[in-house]
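2 protein chains.
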Amino acid sequence: MAMRKLETCFSPVLYEPELHQGSVVVIIDVLRATSAICTAFENGAVSIIPVAGIDEAKAYKNRGFLVAAERDGYVLDFADFGNSPFNFTHEKVEGRTIVYSTTNGTGIIKLASSAGAIVIGSFLNITALTNWIIKRENDVVLFCAGWKNRFNLEDTLCAGAIGERLIKSSLYSTICDSTLAAMDLWMLAKCDLRGYIEKVAQRKRLKEKGLDDCIDFCLTADYTGKIPVIENGILVNTI
Amino acid sequence: MAMRKLETCFSPVLYEPELHQGSVVVIIDVLRATSAICTAFENGAVSIIPVAGIDEAKAYKNRGFLVAAERDGYVLDFADFGNSPFNFTHEKVEGRTIVYSTTNGTGIIKLASSAGAIVIGSFLNITALTNWIIKRENDVVLFCAGWKNRFNLEDTLCAGAIGERLIKSSLYSTICDSTLAAMDLWMLAKCDLRGYIEKVAQRKRLKEKGLDDCIDFCLTADYTGKIPVIENGILVNTI
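Protein sequences, first through last, are from chains A and B. Using the working numbering, the first residue of the first sequence is number 24, and each one after it goes up by one. Using the working numbering, the first residue of the second sequence is number 24, and each one after it goes up by one.
Just so you know, these hints were derived from the structure itself, not from any lab. It cannot be assumed that every hint is accurate.
Where chains are identical, the list cannot tell them apart; a pair therefore holds if satisfied intra-copy or between any two copies.
Subject to a maximum C-alpha distance of 27 Å in a straight line, what follows is the list of computed DSSO-like cross-link-like pairs (lysine-lysine) [claimed, not checked]:
no., residue 1, residue 2
1, K81, K171
2, K28, K115
3, K191, K213
4, K133, K191
5, K133, K171
6, K133, K227
7, K28, K222
8, K227, K84
9, K28, K227
Could you put the whole structure together from the sequences, leaning on the hints where they help?
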C-alpha cells in the first residue's frame with residue numbers, strides 16, 4: 024500500500040495549490056479563529072459563513088444573522104461579537120448560522136479551494152480530527168494560517184501535534200522539512216505547552232490587548248469531537 | 024542602550040523589504056551556495072559576480088571569466104564548474120573574479136537591496152560572521168534562502184546557530200517566532216548536526232544526484248574567517 028504524503032505549509036504565501044489538488048487540507052489558526060470555529064460547532068452552531076469584507080458582514084447583520092467580526096483583535100461596532108472562542112456560547116449560537124468576517128481566513132479558504140477537502144484543525148478537536156483524516160485515503164497538508172502571512176509558533180505546534188499522530192499511524196510518510204520541523208518543535212513543547220506558548224509573539228499581542236484570557240482554553244486537547252469542513256464555501260460540521 | 028532587533032525569514036516569499044531598511048541581512052543557503060561562496064573567498068577569490076540568467080553567464084564566459092553555473096544541482100555545459108564548494112579550489116580561484124549564475128541567489132540579493140548591508144552566512148564562517156555582525160549596531164535579519172521558495176531545515180539550523188550566538192551577546196532581542204523556532208531546532212540538532220541533517224529533504228535530493236559528498240564539509244564550523252558582503256551588486260570579502 025502506498026504511503027500517503029504528509030506536508031505542512033507555514034504561511035498562506037507558501038501554499039502551492041497546484042500540488043495539493045485532491046489532498047485533505049487542514050486549516051490551523053489556533054489563536055484564535057479555528058479554535059473559535061470548533062467551539063461554535065460544539066455549542067450547537069449549524070453553519071458558519073466566512074465572508075471577507077466588512078460591508079458584506081454588515082449586509083448579513085441587517086438580514087438578521089449573528090455576525091462575528093473583528094480586525095486585529097478588536098470587535099467591529101456593528102458585530103455581535105469578535106473571535107474569542109468564549110463568545111460562541113451555547114446560549115448565543117445554538118441552532119444558528121453565524122457570519123464570520125475574516126480577511127485572512129477567507130483568503131486561505133479560496134487558496135485551498137482546489138483541494139479534495141478543507142477541514143478546520145485546532146487542539147480543541149485534535150483526536151476527532153486525526154481519526155477523521157486517517158479514515159480518508161488522501162494525502163494531507165497542514166496549512167498554518169500564520170499571522171499576517173508570517174510563520175507563527177502556535178499554529179506550527181498544532182501542526183506538529185497532528186503530524187506526530189498521523190506519522191504514528193504508519194499510514195503517512197513525509198519528506199517535507201516543514202513537517203519535520205513542526206514535529207520536532209512539538210516534541211520540545213508538548214511537556215509544557217502553556218509554558219512554551221508564553222514566548223510566542225501572538226501571546227504577547229493578545230496580552231497587550233487584554234485578549235489573552237482564552238489562550239489556555241485554545242491549548243486544550245479534545246474539548247470537542249466536532250470536525251468543521253468547508254462545503255460550497257460554508258463551514259458545516261461533518262458529524 | 025536599545026536592544027537590537029533580531030528576525031529570521033524562512034523563504035524569499037516571506038521577506039518584507041520595507042521592514043528591514045538599514046538592517047544587516049545575512050543570506051544563508053547552506054547546501055550549497057553560501058558555503059561555496061565562503062570557500063571561494065577562503066581560497067583566494069577576489070570577487071564574485073552574481074548573475075541571474077544563463078545567457079548573461081555565457082557572455083561573461085566568452086569574455087574569459089571563470090563561471091560557476093548550475094541548475095538543480097547539474098553543471099551547465101559551458102560552465103567551469105557548478106556550486107559544490109569543492110570546485111572552488113585554491114588552484115582554480117586564487118586571484119580570480121568568478122561569475123556565479125544563480126536564479127535564486129540573484130533574486131534574494133535584489134529583494135534585500137534596501138538593507139543596510141548584505142552579508143553571506145554559513146557554518147563555515149559562523150564565528151567571524153557573528154563577531155562582525157556584533158560590531159555593527161544594526162538590527163539583523165537572518166534570511167534563509169530555502170529551496171524553491173520553501174522552508175528548509177539546513178538553513179533554519181544555521182540561522183538558529185547564528186541567532187543563539189547573537190542572543191547570548193545580550194545585545195539583541197527577538198519577538199520573532201521564526202527566530203525562536205530556529206534557535207529551538209538548533210538546540211535539538213546541535214549535539215549531532217550530521218545525524219540530524221540525515222533527515223532533511225535537500226540531503227536526499229543531493230544524494231540522489233550523487234552531489235552529497237560536500238554535506239559534512241558544509242556543516243563544519245569556522246573553516247574560514249572570510250565575510251563576503253555585497254558591494255554594488257558584487258560579492259567581495261570584507262577583511
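Do the hints match the structure? See the list:
| no. | hint | result |
| --- | --- | --- |
| 1 | K81 with K171 | within (23 Å within a copy, 41 Å between copies) |
| 2 | K28 with K115 | neither (40 Å within a copy, 44 Å between copies) |
| 3 | K191 with K213 | both (16 Å within a copy, 25 Å between copies) |
| 4 | K133 with K191 | neither (31 Å within a copy, 43 Å between copies) |
| 5 | K133 with K171 | both (16 Å within a copy, 23 Å between copies) |
| 6 | K133 with K227 | neither (29 Å within a copy, 33 Å between copies) |
| 7 | K28 with K222 | between (31 Å within a copy, 16 Å between copies) |
| 8 | K227 with K84 | neither (32 Å within a copy, 53 Å between copies) |
| 9 | K28 with K227 | between (35 Å within a copy, 16 Å between copies) |
In summary, the structure is inconsistent with hints 2, 4, 6, 8 from the numbered list given earlier, while agreeing with the others.
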